[in-house]
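Residue numbers (our numbering), protein chains in the order written: chain R, 1 to 328; chain F, 1 to 280.
Since the hints were derived computationally from the structure, they do not count as laboratory data. Keep in mind that a hint or two might mislead.
Simulated pairs of lysine-lysine, DSBU-like, Cα-Cα distance not exceeding 30 Å [stated by the list, open to error]:
| id | chain 1 | residue 1 | chain 2 | residue 2 |
| --- | --- | --- | --- | --- |
| 1 | R | Lys59 | F | Lys49 |
| 2 | R | Lys78 | R | Lys117 |
| 3 | F | Lys78 | R | Lys78 |
| 4 | R | Lys117 | R | Lys3 |
| 5 | R | Lys59 | R | Lys121 |
| 6 | R | Lys121 | R | Lys198 |
For each label pair, taking beta carbons as the anchor points, the in silico distance ranges come out as [what the hints assert, rightly or not]:
| id | chain 1 | residue 1 | chain 2 | residue 2 | range |
| --- | --- | --- | --- | --- | --- |
| 7 | F | Arg191 | R | Thr12 | 20 to 28 Å |
| 8 | R | Ser82 | F | Ala170 | 41 to 49 Å |
| 9 | F | Ala170 | R | Thr13 | 37 to 45 Å |
| 10 | F | Trp37 | R | Glu165 | 54 to 62 Å |
| 11 | F | Ala263 | R | Glu296 | 43 to 51 Å |
| 12 | R | Ala131 | F | Ala263 | 36 to 44 Å |
We put the CB at the ideal spot given by N, CA and C, even for glycine.
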Amino acid sequence: MLKVLSRITSPTTGRVTVRGRLASLLEVGTGFHPELTGRENVFLNGVILGMSRREIARKFDEIVAFAELERFLETPVKRYSSGMYVRLAFAVAAHLDADILLVDEVLAVGDAAFQRKSIGKMEEVAGSGRAVVFVSHNLGAVRALCSSVLLLEGGRRAFLGGVEEGLSRYEAGWGIEVVPLDRRAFHGNLKTGVEFTKIETWQHGSQTLVIDPTSEFEVIVRGRAERSFPSLEVNLGFSRDGVRLFSCHDAPRGTSMPEGTFSSRFELPAHLLRPGRWSIGLGAYRQGAEWKWNPEVAVIEVSEKWGGRTDERESGWVTVAFRAERSR
Amino acid sequence: MRQEKYFGHDWVTIIEPRRGLAGLDMRELWAYRDLLWVLLTRDIRVRYKQTLLGAGWAILRPLLSTLVFTVVFGRMAKMPSEGAPYALFALAGVLPWTFFSSAVAAAGESLVGSQHLVSKIYFPRLLIPLSVLGACVVDLTVGLLVLVAMSLWYGVGITLSWVALPLLVAFLVLCSVGIGTLFAALNVTYRDVRHLIPYALQVWLYATPVVYPPTLFPEQWRWLLYLNPAAGPIEAFRAVVLDRAVDVQGLAVSLAASLLILAVALLYFGRVERRFADVI
Chain R
1 MLKVLSRITS PTTGRVTVRG RLASLLEVGT GFHPELTGRE NVFLNGVILG
51 MSRREIARKF DEIVAFAELE RFLETPVKRY SSGMYVRLAF AVAAHLDADI
101 LLVDEVLAVG DAAFQRKSIG KMEEVAGSGR AVVFVSHNLG AVRALCSSVL
151 LLEGGRRAFL GGVEEGLSRY EAGWGIEVVP LDRRAFHGNL KTGVEFTKIE
201 TWQHGSQTLV IDPTSEFEVI VRGRAERSFP SLEVNLGFSR DGVRLFSCHD
251 APRGTSMPEG TFSSRFELPA HLLRPGRWSI GLGAYRQGAE WKWNPEVAVI
301 EVSEKWGGRT DERESGWVTV AFRAERSR
Chain F
1 MRQEKYFGHD WVTIIEPRRG LAGLDMRELW AYRDLLWVLL TRDIRVRYKQ
51 TLLGAGWAIL RPLLSTLVFT VVFGRMAKMP SEGAPYALFA LAGVLPWTFF
101 SSAVAAAGES LVGSQHLVSK IYFPRLLIPL SVLGACVVDL TVGLLVLVAM
151 SLWYGVGITL SWVALPLLVA FLVLCSVGIG TLFAALNVTY RDVRHLIPYA
201 LQVWLYATPV VYPPTLFPEQ WRWLLYLNPA AGPIEAFRAV VLDRAVDVQG
251 LAVSLAASLL ILAVALLYFG RVERRFADVI
C-alpha cells in the first residue's frame with residue numbers, strides 16, 4: 001500500500017486522491033552516496049525526498065543540529081558509523097515540510113535516545129495538523145504515535161477505527177483463520193505421500209499467531225500420510241530475515257508413520273524468541289534422503305512484553321534460559 | 001498522475017492505473033528540476049573521488065585513445081586524414097565519440113545502478129539516465145582544452161566557426177539520450193543489455209567516422225554512414241575543428257535518425273516506467 005501511495009508502483013485498479021504534499025519515508029537515507037560528504041548528502045537526500053534546494057538551505061542548520069553532526073559535515077558518509085548515518089538521514093526526513101508523511105518501520109534504527117527523539121519529532125509533526133501514515137508491526141510504536149488504525153488483511157481493509165480496538169483486533173485476528181497450506185509451496189523430492197493440512201500456534205489455551213515471549217507456546221501440525229512410511233519425521237524450523245535459527249523434529253529418527261491422519265505437537269519454551277516477526281518452516285524427512293520443505297508456512301509475531309534490554313534487536317534474535325550473578 | 005490546485009494553496013494528486021501510451025509529462029519533469037540538478041552534480045562530484053589524478057583523467061583518456069589510434073591507424077594502417085595531422089584528426093573525433101559512448105554506457109547502466117532509488121522513492125524515472133550527462137559534459141569540456149592546445153600546437157588555430165561546437169554537442173546529447181534511455185529501460189527487464197553495451201559500442205566506434213574520414217566511402221553511398229545518428233555530429237565536430245566544410249546533408253540524415261530513436265525511446269520508456277519498481 002505504501003508503494004502505491006508514494007507512487008513507486010502504479011496501481012492495477014482503484015484510485016487514490018491525495019490532498020496536499022506527500023512525502024514518503026520508506027527507508028532512511030534513500031540516495032545517500034557514500035563518497036559524498038554529510039553536507040552534500042543532506043542536499044541530495046532532501047531533494048530526493050521532495051524538498052527544494054532553497055528549502056534545504058534554509059533548514060540546513062536545524063537539520064545538522066538535530067542530527068548532532070556539526071563536526072562531521074565535511075566527512076564522506078562512508079566514514080560515518082551506522083548510527084551517525086541513520087541520524088543524519090532521519091534528521092533530513094524529519095524536516096520535510098509535507099502535509100502528509102508516509103513512514104514505514106524506519107524508526108527501528110538508531111540508538112534508544114535517538115529513537116525517542118525521532119518519535120518525539122513525529123508526534124510534533126502529527127500534532128501540527130499534518131497527517132502521518134505510519135506502517136508498522138511494532139504495536140508499541142503504533143500505540144504511542146497513532147490516533148486511528150487501519151488494519152489490512154490480504155490487501156483488504158479489515159478494520160478502520162480507534163487504536164486500542166484496532167490493536168486488539170490485530171492481536172486476536174491473527175490465528176483465528178488456519179493458515180491454508182499450499183502444496184505447491186513445498187519443494188524437495190518427496191512429492192507425494194505426505195500432505196500437511198494445518199498448522200496452528202497455541203498459547204494460554206487459545207489459538208493465536210501473536211506469541212507472548214514470557215511463557216511457553218505450542219505449534220500443532222496436522223496432516224495425512226497417504227501410505228505408510230517405515231521412517232518419517234516432521235520438521236519445524238524457525239527463521240528470521242531468511243536465516244533459520246533452529247529446527248526441531250517430532251520423533252526420533254527411525255520412527256514409523258502409519259497411513260492416515262496425524263498430528264504433531266511441538267512445545268516451545270518461554271524466553272526463547274525475541275520480539276518481532278518469525279517465519280515457521282515446515283517439512284518432512286524420510287530416511288534415505290527424501291524430503292519436502294516450505295521455509296514459511298506461517299508467520300508469527302512475538303510481542304514486546306519483555307522489559308529492559310531483551311526487546312532490542314541488537315541483542316540478538318534468540319535468548320536462552322540463563323542464570324547470572326555478580327559479586328565483589 | 002495529475003497535480004492541480006486545490007482550494008487555493010493545497011494541491012491534489014490523483015493516483016490511478018495508467019494505461020496505454022502514457023506519454024512524457026514535461027510539466028512533471030520541470031517540477032523535478034531540482035532533483036535533476038542534484039543528481040547531475042552528484043555524478044560530477046563523485047566521478048573522480050579517490051583517484052590519484054582526479055580530473056586529470058578527463059585529459060588523459062582522450063589523449064591515450066588518440067595516441068593509440070595515431071599509432072595503429074595513422075602510422076601502421078596509414079589511414080588518410082584529409083591532410084590534417086593524424087593526431088589532431090583523431091582527437092577531434094575521439095572527443096565527441098568519448099562523450100557519446102560514455103553517455104550511452106553510463107545511461108544504460110544508470111537505472112539498474114539506482115535500484116535503491118527506484119524502489120524506494122517516486123520521481124520521473126527519466127531523470128536517472130539524464131543525470132549521467134553532467135559528468136560527460138564536464139569531461140568533454142576539459143577535453144576541449146586539450147583540443148585547443150593541440151590545435152595551436154599544430155598551427156591549425158581556432159576559427160570563429162567553433163561557436164557551432166556547443167550546438168553539435170547539443171545534437172550529440174539528443175542522440176545519446178535517445179540511445180541511452182532505450183538501453184536503460186531495456187536493461188531493467190533484460191539484463192542482457194548490460195553485456196551487450198560494451199560490444200555494441202566497440203562495433204559502433206568503427207561504424208562511425210572517428211578513426212577514418214567519411215570520404216573513404218563513395219559519395220553516393222555516404223548517406224548510409226549517416227544513418228548512424230552519432231556519425232553526423234561527430235564528423236561535423238571534426239570538420240569545424242579542422243576548419244573544413246560541414247556535410248550538411250549527412251548531418252540532416254543523422255538528425256532524422258536521432259529524433260526517430262529518441263521518439264521511440266521516450267515512448268518505450270513511458271510505457272515501461274511504471275513497472276520499473278516491480279521488475280528491477
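Failing hints, ascending?
The structure breaks hints 3, 6 and 10; every other hint is satisfied.
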